[in-house]
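Student: Single-letter residue listing:
There are 2 protein chains.
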Amino acid sequence: MRTPKTKKPRTSSKARVSKDKPVILITNDDGISAPGIRNLVESVKDLGHIYVVAPDKPQSGMGHAITIGEPLRLHKTHHFEGIDSYACSGTPVDCVKLAVDKVLHRKPDLCLSGINHGANHSINVIYSGTMSAAVEAAIEDIPSAGFSLLDYSIEADFTAARLYARLVVEKMMRTKLGRHTVLNVNIPAQKPELIRGLKICRQAYAKYNENYVQRNDPHGKHYYWLTGEFVNADKGKDTDVWALANNYVSVVPVQYDLTHYSYKEQLAKSWKL
Amino acid sequence: MRTPKTKKPRTSSKARVSKDKPVILITNDDGISAPGIRNLVESVKDLGHIYVVAPDKPQSGMGHAITIGEPLRLHKTHHFEGIDSYACSGTPVDCVKLAVDKVLHRKPDLCLSGINHGANHSINVIYSGTMSAAVEAAIEDIPSAGFSLLDYSIEADFTAARLYARLVVEKMMRTKLGRHTVLNVNIPAQKPELIRGLKICRQAYAKYNENYVQRNDPHGKHYYWLTGEFVNADKGKDTDVWALANNYVSVVPVQYDLTHYSYKEQLAKSWKL
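Chain order of the listed sequences is A and B.
Using the working numbering, you'd call the opening residue of the first sequence number 285 and step up by one each time.
Using the working numbering, you'd call the opening residue of the second sequence number 285 and step up by one each time.
Possibly wrong hints are sitting among the right ones.
[What the hints assert, rightly or not] Only pairs whose alpha carbons sit at most 27 Å apart, straight line, appear in this in silico BS3-like list of lysine-lysine:
| hint | chain 1 | residue 1 | chain 2 | residue 2 |
| --- | --- | --- | --- | --- |
| 1 | B | K556 | A | K519 |
| 2 | B | K391 | A | K519 |
| 3 | B | K341 | A | K505 |
| 4 | A | K460 | B | K548 |
| 5 | B | K521 | A | K548 |
| 6 | B | K460 | A | K556 |
| 7 | A | K548 | B | K391 |
| 8 | A | K521 | B | K553 |
| 9 | B | K305 | A | K556 |
| 10 | A | K519 | B | K548 |
| 11 | B | K521 | A | K553 |
| 12 | A | K455 | A | K305 |
No lab work stands behind these hints: they were computed from the structure.
Given the structure is predicted, the values throughout are model-derived calculations rather than measurements.
Generate coordinates for the entire structure from the input sequences, incorporating the hints supplied.
Tutor: Have a look at this one:
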């Protein structure tokens, strides 16, 4: 078994400056058994020293949740031949935190999350466990990317997603990346030859109109299932939704400073503060 | 010594267009039984028609998690005299979604979240269920604010937090607010007479260095408790952390467009896209 090096992490673009192959942490939110993470591992496994720490069960829609009130478990698994992999009882964000502290004992050079079964464009970025894991990595000074295929099916065809995930990772490894880099990469559910390439985009302004389905249990009490209609109110041609509808792979650089700077100035003036 | 003025509010913003008092939805992440939400309700209950929809159990650190794979329950409670209140089995974000669709059957004029037991400044905004509920409201076109007191104790003194929560709500009601307004309000654990007033801030650049505590169960297997050291790397005097350390109530306007615009331009150039 290979053990991670415990050298002191350098503070920038580590994948690029590593003398040997970079250490790459891979996680997801569909769980360690999902086809998506298997496809991601397969597509990049020769590009670095791969470690997988992923949820032991589906964790879709967990956003940036962390486990505070109960302890976490971590089990070594044999899901990926020749690759150290661990199933974690927590959320995708827990996986990143625990991987750094208790599996790698250092910061990896890169963190990859996915390939998610289903879209994480526009407002989905905020609900997505896949993307929150990537954001957590960037908070911890680890450049990262989340990958999502626009096909929810367990039997989705990951051919194009694999090609483009690898392309993005290769580009990241060749680029001087800020240590807080996060890329949100969505791939159309298309054959590779129909995809028109990468497009750097902004997050579309879109949301869901909720419509909970009410049912009654055998004791006559109500329960509610979340359903909703996705509404894209953004007609811009520079958005991820537009890019995907036009058969591009969308790449949105993501940040985690949530300050609304323009409104900050406006409010200070309005409230005379 | 400056204490908040309590002049009579006029109904404004979305609330402004209501013929009578605004409809105010209140939620939190510490659960419907927490002292914090009771204090928030008490501090603003004469300012609007109050509805409470809050988690039936603590949901701290749930971030923007939503419940997808199982249904939700909603139980009418009698926690607040004369106020319609419901306990929800889901996350804080679920509470907002379900409240709009199945309790209010309309969008409230304002959504308030808290008062949280413990700080939600700087990077905490991203892990916080309290703040994620407020952000969810803004996504749904409902101006909102999350309130947090810098005291984790169940027996915390909410005197100053109540005064300032009310002051902020009154100011919000007198201001023409954008429908996507979210304010992250943190209140020092101080007596009101020691607090120097409100300060509009940006989110400090700070994070946690994780240090999981490893223990063994009676069967000899490891489990891990999340602990960590908060590290503020931001020396700015315009941050929420600075304001709180200097006995101001910090107010950070929050956004949910996570696009990193400056890096977007840089990456497009670097990747020639």
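Student: Against each hint, give a clear statement of whether it holds in the structure.
Tutor: So, going through the hints one by one against the coordinates:
Taking the CA atoms of K556/B and K519/A, the gap is near 24 Å; set against the 27 Å cutoff, the hint holds. About 25 Å separates the Cα atoms of K391/B and K519/A, which keeps this hinted pair within 27 Å; it holds. A threshold of 27 Å between alpha carbons decides the hint, and for K341/B with K505/A the separation of about 20 Å falls inside it, so the pair holds. Simply put, K460/A and K548/B have alpha-carbon atoms about 14 Å apart, close enough for the 27 Å limit, and the pair holds.
Using a Cα cut-off of 27 Å, the hinted pair K521/B and K548/A holds, with the two alpha carbons roughly 15 Å apart. Between K460/B and K556/A the CA atoms are separated by roughly 14 Å; this keeps the pair inside 27 Å, and the hint holds. Distance hint between K548/A and K391/B is fulfilled; the C-alpha atoms sit about 25 Å from each other, no more than 27 Å. For a cut-off of 27 Å, the pair hint linking K521/A to K553/B stands: about 18 Å separates their Cα positions.
Our distance criterion of 27 Å between C-alpha atoms is met by K305/B and K556/A, whose separation comes to about 26 Å. Between the alpha carbons of K519/A and K548/B the distance comes to roughly 19 Å, so the proposed pair stays at or under 27 Å and holds. Of the pairs offered as hints, the one joining K521/B and K553/A holds, with about 18 Å between alpha carbons and a cut-off of 27 Å not exceeded. Under the criterion of a C-alpha separation no larger than 27 Å, the hint pairing K455/A with K305/A is consistent with the structure, at around 15 Å.
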